[in-house]
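A.B. asks: Dock chain Z against the given chain Y, drawing on the hints supplied.
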Amino acid sequence: MGKINVLKRLTGAPDLPALPANVERLLQELRNPDVDLEKLSREIALDQSVTVKILRIVNSSFYGMPGRIASLRNAVVLLGVQTVQNIVLSISLVDSFRSTIFKDVGLSPEEFWKHTVGTGLICQVLAQRQRISDASDAFVAGLLHDIGKLLLIQVMPSEYSQVISAVRNENLFFDEAEKRYLSADHAAVGGWLLKRWRLPSVLIESTLFHHHPMQAKHPFARIVHVADSLCTAFAVDSGMSDLVQEIDPEIWKWLHLSEGGVDELLQDLDNALQNLEQTVTTFMG
Amino acid sequence: MSRRVQLSVDELESGMLLGADLCNHTGNLLLKKGERLSDDTILWLKRLGIETVSVLVEEQEDVITPEARKDIEEQLSHRFRRVAEVPLMCEIRQAFQRYLEGKSEH
Chain Y
1 MGKINVLKRL TGAPDLPALP ANVERLLQEL RNPDVDLEKL SREIALDQSV TVKILRIVNS
61 SFYGMPGRIA SLRNAVVLLG VQTVQNIVLS ISLVDSFRST IFKDVGLSPE EFWKHTVGTG
121 LICQVLAQRQ RISDASDAFV AGLLHDIGKL LLIQVMPSEY SQVISAVRNE NLFFDEAEKR
181 YLSADHAAVG GWLLKRWRLP SVLIESTLFH HHPMQAKHPF ARIVHVADSL CTAFAVDSGM
241 SDLVQEIDPE IWKWLHLSEG GVDELLQDLD NALQNLEQTV TTFMG
Chain Z
1001 MSRRVQLSVD ELESGMLLGA DLCNHTGNLL LKKGERLSDD TILWLKRLGI ETVSVLVEEQ
1061 EDVITPEARK DIEEQLSHRF RRVAEVPLMC EIRQAFQRYL EGKSEH
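Protein chains in written order, with my numbering: chain Y, 1 to 285; chain Z, 1001 to 1106.
Treat the hints as calculated values from the structure; they're not laboratory data. Here the structure is a predicted model, which is why all the values come from computation and not from measurement. Please note that a few of the clues may not be correct.
[As the list claims (entries may be wrong)] Pairs of lysine-lysine residues, derived as DSS-like cross-links and limited to a Cα-Cα distance of at most 30 Å, are as follows:
# : chain 1 : residue 1 : chain 2 : residue 2
1 : Z       : K1103     : Y       : K253
2 : Z       : K1033     : Y       : K253
3 : Z       : K1103     : Z       : K1070
If we strip away everything but chain Y, and leave its shape as in the complex, we get (with noise of 0.2 Å):
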């Protein structure tokens, strides 16, 4: 039996997710350095739907600011552009794959999303740890690293419930099912959509390269994968595979565990996961 082609499919199919028009204005627009708050507030106002959702996740306890922010503006002067662009683009991301029939497929969307919002707040912690960037870019790395099985999921429900069957039957780890069945893994097709969005490059890498974090150039793919692996580990999995991956040992030395310390990031991840039910009804109310 011969594989599928993925890419054949995907760029023939008829519906695949896109982000909402003014959204892509609204990154973009978030993209320049000299954004003008005001104009930029009036064109989030636009949709209000987004600004409503906006305001209810930086107000949520994720952000450390319950109930203080009241406008657009506010949020963009408190929390910075970049974390403002990460949760429209985190918003935006749940909301493309809203028509997803997961049931088809025997899984529930709240599984799927708890899977990779933990994931997300693992990031968030290895970030902080090792002092990278902004940390709420890594949770939007963390969120979007297994969108590929979402997009195989809408676009060939009927092939990929084949790949899950024998992930869940046979004991096999997603890219070994997918490489009996498929021409592309989900990693590859997560990378091949995030670069179709025209999402910055760290963002399509660390999905890409998640299962082969050393072929990434940014850090982000290194802790997406090991976030992924503690997040399973910790029994927060997407409902498909509870199998914990095998963590690259130079990547484990990199964040400075090897010689120990692994007993506190335990408990330190875990009072992360403590917000996880309230943060994924957040993203999807």
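C.D. replies: Same frame as chain Y, now just chain Z:
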């Protein structure tokens, strides 16, 4: 068995053992790891504005029931079944075992 915990100065009691070298804000060594705290030392640390201190606490033996321990062990070996032979992953699994056992004691 003892393990290291980070306590706020208000939680310190005399007789506790220091779990790590303690430095002040400018990086000067105040107390060495393993030193036993006295009431005077604790007062001194408070006056210096030290907020948290790493101390060693005695692990209470067998606070967790054997059933609970076995339960955690089974769940972890199930999740770690494909990486059971990998040395680093065994270490990580053991850390999870310690952490989850400690958590179920409280």
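A.B. asks: Give a verdict on every hint.
C.D. replies: Results for each hint:
1. Between K1103(Z) and K253(Y), the direct Cα distance comes to roughly 26 Å. Compliance with the 30 Å bound is thereby established for this hinted pair.
2. Using a Cα cut-off of 30 Å, the hinted pair K1033(Z) and K253(Y) holds, with the two alpha carbons roughly 24 Å apart.
3. Simply put, K1103(Z) and K1070(Z) have alpha-carbon atoms about 14 Å apart, close enough for the 30 Å limit, and the pair holds.
Checked against the numbered hints given earlier, the structure satisfies every one of them.
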